[in-house]
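**Q** Residues per chain, in single letters:
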Amino acid sequence: MLKQQRKAKINTEQCVACGSCIRVCPRNAVAIPRGIFALVDEKLCVGCGKCVKECPASVIRLEVVSI
Amino acid sequence: MKAKKKWHDYLWILSLTYLVLGFFNILFAWLGLLCFFIPLIISAVKGNKAYCNKYCGRGQLFSLIGGRFGLSRRKDIPAWMRSKYFRYGFLAFFLAMFLVMLWNTYLVFSGASGLKQVVTLLWTFRLPWNWAYYGSLFSPGVAQFAFGFYSVMLTSTVLGLVTMALFKPRSWCVYCPMGTMTQLICKTKS
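Here the protein sequences come in this chain order: R and V. Read left to right, the first sequence gives residues 1 to 67 (this note's numbering). Read left to right, the second sequence gives residues 68 to 257 (this note's numbering).
Quick caveat, the hints were computed from the structure, so don't treat them as lab data. No incorrect hints appear here.
Coverage of chain R stretches by chain V, computed from C-beta distances (three or more under 8 angstroms per stretch; other residues unrestricted): (1) 7-20; (2) 31-38; (3) 57-64.
Straight-line Cα separation of at most 30 angstroms, DSBU-like style, residue types lysine-lysine; simulated pairs: (4) R/Lys53 <-> V/Lys71; (5) V/Lys113 <-> V/Lys256; (6) V/Lys121 <-> R/Lys53; (7) R/Lys43 <-> R/Lys3; (8) V/Lys142 <-> R/Lys53; (9) R/Lys43 <-> V/Lys256; (10) R/Lys43 <-> V/Lys73.
Only a predicted model underlies this, so the values are computations on that prediction, with no experimental measurement involved. Ideal Cβ placement from N, Cα and C applies to all residues, glycine included.
Same shape as in the complex, but just chain V:
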């Protein structure tokens, strides 16, 4: 018999809402920081991956779309994609791109460059996103971070959807940088 669903089984709604809100007002992208800090705090304090295991709305979204809705081939992920080299390599690449994003934000904060109202998909394609920005009460740097962070979130969603369709629903979890990072924290803690 299936266990009764708990409140945290519905967190995929939050993940979906987050992605939708970014189409209306880019400043909502700041909320995505929760998906960065909560797993890190849980792994650092409790020494486990409870975030991945229970609370990750993105993983739930993939298992819903790929599993329940059947939009996944359900094939094995290639061995190289689950290898440590790829997982740590992708984490390093992801963090490097994150630093570039922070640097661009800094440039806007300091006034050295202007705000770019674009969302960069897959670190390459610049999509105009000016409809979701109505000005900020604070520095334009605040908005630049939002555009950059939403780019990160949208890019990882697209990658996750592609690997969900090609392999198993939660294939993203295999190379998710947050998952790799929290596992690394748990390893060093124990």
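With the rest of the complex left out, here is chain R:
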């Protein structure tokens, strides 16, 4: 059966790579590997939405995905 879960999705085109999301993520699921944009590890993300609230550019959304 498909399970639905919320995951943080980053608009990488508009991300400024400031790293505010890394600081607030309780699961260490966000990383900025090459200094260009942040990436969320979907396996770790629990969809808590802390990064969504924190992101100064407001480029993170919670999306429902089926897994």
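Got chain R; can you put chain V on it based on the hints?
**A** Frame of chain R, contents of chain V only:
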């Protein structure tokens, strides 16, 4: 559970100290060059934005005042402010103003103009700042650079505080010229 705080989580103290020191002796403004060179070196050598992500004391200061102390409306930043046009435009404007500051410093070094003991806020308002200058062992140009550089740092702090209050705590990070520049370096490197 929250991770244990590391030494670099306290760098906001340095940023705050820097701003305070400028009120006592303007020559401390030279230390601000660290905030210019360290991020550039990290991005050029390591190809990442570790400075913004971990070590930026100014960003930490904004998240402390806007976040912990709650002095922020926590609203979304307008779309135009996070657009590439505005970010690169602001970077270009910032660099142009920086060149003007360097030119004024050069004029004082060469003796073509005298030292102006003012801090220019928002590139417009000239605040008398003579109480923080007791003479320099070197050329007055050294002090002129300090006044100019402190103007840059104070102006960006004021802008950052305004956007922190209006939008989210770290709104400054969206259009921070250093952030835009290091991101650009990382883009060209990869």
